[in-house]
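Participant: Spelled out from the first residue to the last, the chains are:
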Amino acid sequence: MIAPPKPDLVTVNIDGKEIAVPKGTNVIEAARLVNVDVPHYCYHPKLTIVGNCRMCLIEMGMPAVDPATKAPIIDPVTGKPKINWIPRPQIGCGTNVSPGLHVKTTSPMVKDAREGVMEFLLINHPLDCPICDQAGECKLQEQSTGYGRGYSRFVEQKNVKPKRTQLGPRVTLDDERCILCSRCIRFSKEIAKDDVLGFVDRGSYSTLTCFPGKQLANNYSLNTVDICPVGALTSTDFRFKMRVWFLKQTNSIDTETSVGANTVVWSREGQIYRLTPRRNDDVNDTWMPDSGRELFKSVMSADRLAATTHLDARVAQAAELFNLNASAGSIAVVGSGRSSVEEQFLTKKLAAALKASTQLVSRVGQGDQLLISADRNPNVRGALVTGLISKLPKIGDAPAASRSANGDAAVPIRTGGLTDLAASIDAGKVKVVVSIGEDLVAAGLTAAQLAKVSVVYLGTHANTSSAAAKIVFPTLSVFEKNGTFVNQQFRLQKFAKAVPGPQGATDDLIVLAKLTAAASSAAMASDLGSLWKLISAEVPAFATTSYAQLPETGILIDATPFAALPFVEGETLHYKPAAPAVALTP
Amino acid sequence: MNLKPATLHSIDEVITHYPVKRSATLPLLHLIQEDVGYLPPETCEWVAAKLELQPINVLEVITFYPMFRQKPIGRRHIKVCRTLSCALLGGYKTCEQFEKEFNTHRGEVSPGGEVTIDFVECLASCGTAPVVLIDDDLHEKVDCAKAKQLSDQIKAEAKKR
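Here the protein sequences line up with chains A and B, keeping their order. Just so we're aligned: 237 in this note's numbering is position 87 of the first sequence, and the numbers increase by one with no gaps anywhere. Just so we're aligned: 141 in this note's numbering is position 147 of the second sequence, and the numbers increase by one with no gaps anywhere.
The list that follows gives simulated cross-link-like pairs (lysine-lysine, BS3-like), each with its CA atoms no further than 30 Å apart: (1) LYS15/B with LYS343/A; (2) LYS343/A with LYS44/B; (3) LYS65/B with LYS94/B; (4) LYS140/B with LYS73/B; (5) LYS65/B with LYS308/A.
Per label pair, the in silico range of CB-to-CB distance: (6) LYS142/B with THR198/A: 55 to 65 Å; (7) GLN365/A with LEU82/B: 43 to 53 Å; (8) ARG389/A with ASP137/B: 58 to 68 Å; (9) LEU20/B with GLN365/A: 22 to 32 Å; (10) LEU82/B with MET259/A: 36 to 46 Å; (11) ALA43/B with GLN316/A: 22 to 32 Å.
Please keep in mind that the hints were generated in silico from the structure rather than gathered at the bench. Virtual Cβ for every residue (Gly too), placed ideally from N, Cα, C.
Please model the complete structure; the sequences and the hints are all you need to start from.
Facilitator: This is the structure in structure tokens:
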């Protein structure tokens, strides 16, 4: 890898601490580097700076220089350079560092300024924290504890503004709580490119609104809820469901596309309540699509598969089936780009033990150049790296209408890639198909072809393949297990178990390990620790990697062996395809 | 939007005055209000399309300035000054006189749609208080008697039409 060019560094002094920061950094970010918190509402690191909340006021000064000689003036008392302090506070977000800049964030003037700003912000803010969804993660609440007066001098009537406005299908607005920071407006305009929000009226009548007749309905609308520093914008889905301080946070990955947006799963007592984005400046910044936030709902759905017989009995049944079809090529393994790297590694082992052909199901849709890529499988590159497949799966030709997560217009996703398998089944060569969570009918096999073979199905939800399968192994969803994915940048990222799996479901790794053991009569590891030792030993790209040492933001792995492959993805937020994306023929 | 050809011409002309089209928002709104008398609801979309903006950007501007009207007004617009000098010298009485003459209330359109009376802030003629602005003409030292005289004049002109 080429080392990034060293940025120009500027030395600044924050609360007496000297620090060198890159040119162009503002005071809030510089202070963060020396662990000094500058409170702020309107500033967001990924949005433009407007400086309209005035919360980040700081005191700043520059070293004094002699006007004639340009030499620094030394204070005779302390022997240090004299600092000319600006007599009025400045906003930290809009002040970029310059050489020798001195900043005070704890002086009496700064404290006064913060208290004054807080008092004005709280004038019209309703005191409904006990019923407000933001309570517990509210910046206004936190900072009124830090800088508020504790009592109010305001004897006038508070403003009355619209409560419970439906801004769109997923966002509810309480205008009285809004502190007019304009983060949501800037997000809609700059990131989502859907400029529908704005402030109407003036002064204390200012009201956040959507343009009459329009809706905040884009697939990124829930990010406005995340960045709202108060409880004004709330998720219609999560509203009044759970207090945030009861929820356990688990790091996870958005599985809907190959972008692999980093997420946090919020759960309590085995139930997931919401998904939010997790900051990763190399992948998804601080955003995630709305469609990805609804994926957890399938965890509790009624069509989850559950086993009625013992796992070992079903493994023995499968072993029998494998023995009957021991000749090479009579078993086919359909792997999945939705499986984790570890599962794909074991799938490869299983296929090798069964002398089976391997194929992957492709899912291709329209990318949105942000966080939805054309490849709707989260881990196709994992299958390449582990060697489960050597070339990319063929793109399906029949766009099957799929149910989009938010219930809007269905997004057609082409599922396919099994044409070779279909031909082998028709030729009578393949007798058994092992499917790793892939619905073979949705992927292009006909019901007649499915009837010709015995299907061994590992999966989470009931579908045509599981119904037709001879042996079914109910497995776990991404929220119920640990593992890793390789995203479109060849970044290895890990996800963790947030909730326990349902009764009767077994970890995919255990099922795959047992099946491999049954097929090859040699024990196979199924826990991540020992599995990764095997993976590191066998997969060159992972030679120096281990699951335990993988950072939360992931690591880039060597992608050079796959550089020439025609990946389907176009450009997304932090990904530029090496080769032009494959054109989709209708 | 049903604008006069002259207005459309001035709109196209005024856009060229600015380095970015967005800056022409305010002049365009003024021109439309001059032409139509108020800003009809379709103004936002029309101006946004003209200036390559989003409608919400125009709505923000319209609602920010109280002098942009989103509802129609009467044929004549009577603005009575309510600020200190005029208030001390009987501006309130003048306003009430106008209201009585036209049987209406401030901020409303009189029956028949002839006038709208507004009680406004300083008209910048404190030396000749109380003052009244009828459309674009300033009338000075308007006491109740003069208010009645002006009202009669307006009514007479209305009858002629």
